[in-house]
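Trainee: Protein chains in written order, with this note's numbering: chain A, 352 to 810; chain B, 352 to 810.
Certain hints may be false.
Which copy? The list can't say, so a pair holds if one copy fits it or any two copies do.
Straight-line Cα separation of at most 25 Å, DSS-like style, residue types lysine-lysine; simulated pairs [claimed, not checked]:
| no. | residue 1 | residue 2 |
| --- | --- | --- |
| 1 | Lys627 | Lys678 |
| 2 | Lys670 | Lys455 |
| 3 | Lys764 | Lys521 |
| 4 | Lys370 | Lys491 |
| 5 | Lys625 | Lys455 |
| 6 | Lys678 | Lys635 |
Hints are computed from structural coordinates only; laboratory data are not their basis.
There are 2 protein chains.
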Amino acid sequence: MTVSQTNQLVAKAKEMADKRMASFEDYLRLESVSTEKRQIPETVAYVQSLIEEVGGEVQILDDLGGHPVVYGYFQASEGGNPNKTLLFYNHYDVQPSDPLDEWKTEPFEPTVLDGILYARGVSDNKANFMARLNALSILKESGGFPCNVKFLIEGEEEIGSPNLDPYIEKYTDLFKADACIWEAGSKDKYENYVVSAGMKGIAYFDLEVTTANIDIHSSMAAIIDNPVWRMIHALESMKNIDNDILVEGFYDGVTPLSEKDKEAAANQPFDAEKVKEQYGLTGKLITEGGPVTESEALAFYPTMTVCGFSSGYTGPGIKTVLPKMAKAKLDCRLVPGQDPTHIHDSIRRHLDANGFSDISLTMVGAEGAQRTDLDDPFIDMVVQTAQSVYGEANPVVVSPSMAGTGPSELFEKYLQLPIAGVGAGWANSGAHAPNENIRLNDFYQNIAHMVTLLTAFGV
Amino acid sequence: MTVSQTNQLVAKAKEMADKRMASFEDYLRLESVSTEKRQIPETVAYVQSLIEEVGGEVQILDDLGGHPVVYGYFQASEGGNPNKTLLFYNHYDVQPSDPLDEWKTEPFEPTVLDGILYARGVSDNKANFMARLNALSILKESGGFPCNVKFLIEGEEEIGSPNLDPYIEKYTDLFKADACIWEAGSKDKYENYVVSAGMKGIAYFDLEVTTANIDIHSSMAAIIDNPVWRMIHALESMKNIDNDILVEGFYDGVTPLSEKDKEAAANQPFDAEKVKEQYGLTGKLITEGGPVTESEALAFYPTMTVCGFSSGYTGPGIKTVLPKMAKAKLDCRLVPGQDPTHIHDSIRRHLDANGFSDISLTMVGAEGAQRTDLDDPFIDMVVQTAQSVYGEANPVVVSPSMAGTGPSELFEKYLQLPIAGVGAGWANSGAHAPNENIRLNDFYQNIAHMVTLLTAFGV
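Using the sequences provided together with the hints, build the complete structure.
Mentor: What follows is the structure in structure tokens.
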């Protein structure tokens, strides 16, 4: 496309977005917080109406437990390619909006300030769903759908998609497609649009140890053992101060980085100082001064994180207590080859072998990692169509794997298709955080990208 | 004393206790929770009236901050010994009464059930103060006070006596005495009355580390360090799984156990199974199978206890957060020779030397250890007078040092006198716990002991 064609397309995207803004805002007003089970039926009905408005067919799948999965289908128009199907994955659920006092607008009252639209769930991922529907509306008005389009829109992504596996397994034929566009994505800190080709997996654990049935006066510490110390010793045995994970079997299945992986990571710019400033970090990055780059670590290296630790008295001043119990939450981010169940079993064996059989270990969340081959032609198509929209000044960046997690491994397992993640976010969209937002210009550009991608896909 | 004389004395103690029960109950109704600053002036006024009722003089000392210190004085009667002075140390403050739902009676409504008197603060230590006053009442009615008697009654014992030092320093002349009876004591699990001759000290610390100014998505753990892990590594470096404290300088000043210490510990019966049952312990005692006995450990060995640890998300389910901060509370029980400030400085140096300069360390409580020489004739006098009341079937036990802590080191420092702790409690008195109680028979016996002790002391 020429610059002028791009400008025209983005202008058309803005026009369509403006026309359908009231629908978008109503969607953002729905408080579809999955962990709190808020307004789920209302949101499902609204998603159905949004798809039907643009001419799609809908099936609500709710026979396998959990919040309903919405299936949407748009048949290729006459003149389009009936043999090509693109699957869009989205979710209609959002994160809780707390801490409320840190929002400058109402989380469920979409508000535009200086070209930025604030609302809970707007970047993750309601805007992306709307962008895709707006793209279909534009195509519908200008000659029809260039290929078949399917939607899988679930309602439990923010709680780890615990019920999605059986739905995709049972409805494999329904969701069958040639490629998948993932739910979200954003521009990076350098204003470059990112295409992500994978996600890390996760294994999330609750650890707990109880050594007595009441809290004890701490003077008894001379003879009575302490569950906090036990938890400290156990966790210390699992990861050393150099961030080496010491659990035997944890790294099983992990393959060394290929030259292609390293190249892909090298192509992702990373500014350590910006990250330190963004989070107010007091120390160095783990990776600083080491052989692994930040981009490599984020994409290719598994992690083990204590997300929470609680025991005993934690208020102000003095309470001389020997606690009866200690609890910790442990989050392991996984790479392809690592299996959450094997991670669980390895940690269990490690605890037992090191004298910590009394520490319980419960896996409360599990998702596998997934990566699409960077040489897959679909990745190239997504990049090329994006580049035509975003322009030479802002080279599109391919991320071999996001640092975060989603259920993409299930799509690969049942549907065997390439997956690429793109969306309307930017570096400060604040997904999961207060003041979540998108910039409207990014939204228009993303709509335009979806138009060019669908057009190219139908060829 | 003959058995019949003892029985007569205990009967007289019961009579006096009954006569003064209403006053006792009113004292127990005062909600003198020092940490919550509840009813402090009312309690001070009531303590003054209780002393004056029995013929003592009172001075309220409140010129040096903190809750007032009550000084009480009873001059030796004619025929008594004007050259001997016994000092009673007590405190009018009590612990908070939570958890309220575990009380079977109202904490501040004294209630007798089956000969057991329930109330917050009854065993620690309002009953002991009343027993001492009742003993003085008995002596007054039967010939007068055999010696001078002083009281130091403070209102901040339960919060670590943070303001007591300057009071004792300034009013050293006022409190000057030949010996001191400490605030509390109890029978042990074998129904033997315990005379304790010392207390451990304490150094209590808040540790805190902040590595970012916001909680971060845990996917960033691939490159960003975690304050929980830092706190775990720091604490692990301070004490190993065998409970050896690894902080250089921590054991400075600790002297090896003497033969006398070992003998004293050996004379204290200890039933590991009973302790395990009492607290519902799931594991072995630290001391089991080792060379140090439980009684030795409780009396003579310092400890380092994590009393609390908090960081990140600790609710149910999954929150994938990399916390910005971690906090821990550390309680070190000290033995004579160990100085809290030196302990602080040693831990600070240890943290710095091990790369944890970013972990802040604040000493929020400090008291030195104190022990009275077991050969001091005052200890023998307390034991002999007790033995005459409690009878041959229940040999009085001398505890060389309680496992707990109090400000007795200040008394030794400024007043240079022997100190012995006795009281009206029993093994299940539940000081600091719900359903705190004393058995009324123990109360009568303790009154009788105070009568015999004061009589012997005046000789």
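Trainee: Taking the hints in turn, state whether each one holds.
Mentor: To see whether the hints hold, each was checked on the structure:
no. : hint              : verdict
1   : Lys627 <-> Lys678 : between (30 Å within a copy, 22 Å between copies)
2   : Lys670 <-> Lys455 : between (38 Å within a copy, 23 Å between copies)
3   : Lys764 <-> Lys521 : within (13 Å within a copy, 80 Å between copies)
4   : Lys370 <-> Lys491 : within (15 Å within a copy, 98 Å between copies)
5   : Lys625 <-> Lys455 : within (24 Å within a copy, 58 Å between copies)
6   : Lys678 <-> Lys635 : between (28 Å within a copy, 21 Å between copies)
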